[in-house]
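Chains as they are written, first to last, in the working numbering: chain X, 25 to 134; chain C, 210 to 323.
One thing to keep in mind: the hints can contain errors.
Facing chain C, from chain X, some residues (calculated, C-beta under 8 Å) [what the hints assert, rightly or not]:
(1) 27
(2) 54
(3) 55
(4) 72
(5) 116
(6) 121
(7) 126
Hints in this document: simulated from the structure, not taken from any laboratory.
Here a beta-carbon is modelled for each residue, glycine too, at the ideal position from N, C-alpha and C.
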Amino acid sequence: SQQGEEDPQALSIQEGENATMNCSYKTSINNLQWYRQNSGRGLVHLILIRSNEREKHSGRLRVTLDTSKKSSSLLITASRAADTASYFCALTGTASKLTFGTGTRLQVTL
Amino acid sequence: ETGVTQTPRHLVMGMTNKKSLKCEQHLGHNAMYWYKQSAKKPLELMFVYSLEERVENNSVPSRFSPECPNSSHLFLHLHTLQPEDSALYLCASSPDRVVGNTIYFGEGSWLTVV
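Okay, chain X solo, but in the shape it has when bound (with noise of 0.2 Å):
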């Protein structure tokens, strides 16, 4: 089954700065979703785009999907040190399975 590929793998940022991180795939997606997770913690859901929308916004948070391209993209703006986590894309493929990728660390400093 194919997963996402989170890119970059750590990221390290000034509070107040914004965040960009982003995930590719190799294949069809019926909707991709991006997850938080808090070190040592379950994953929170953020926010869910469908193959058919290009762009969401939730609060800070900015999603947006190039199906062309097979990428897609989280963006938090005016990032604070309590947006410290790690950052996941999950796929939903055309085979109905859903994938985790490996994540993206995201480090805020004050």
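Chain C: place on chain X using the hints.
Positioned in the frame of chain X, the structure of chain C alone reads:
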């Protein structure tokens, strides 16, 4: 508080022990899942239950035995584990088994096999 509660949060067990992980969801969902998360590896789906029936078993060794007595509770029984089974075990639920639904995760149970 996600509505999915896992106990214990931490467990250390010897290779000959028998222990169980417990999960309870308060969301009225019909599907429940066990995932394994190891360092630097993608999240691995282990088992899927829909309306208390196991619908998916992803080649998980028999030393892991799931049990779903009702749609709110899910157990993972552990027996004669190996050190490489040490990982974070995550329980999750979703409204139904439709793939692509939002998944609601518990806080996880950290398992160390010594």
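Status of each hint after checking the structure:
no., hint, in the structure
1, 27, "5 Å, holds"
2, 54, "6 Å, holds"
3, 55, "5 Å, holds"
4, 72, "6 Å, holds"
5, 116, "4 Å, holds"
6, 121, "7 Å, holds"
7, 126, "5 Å, holds"
Hint check: no violations occur; every hint is consistent with the structure.
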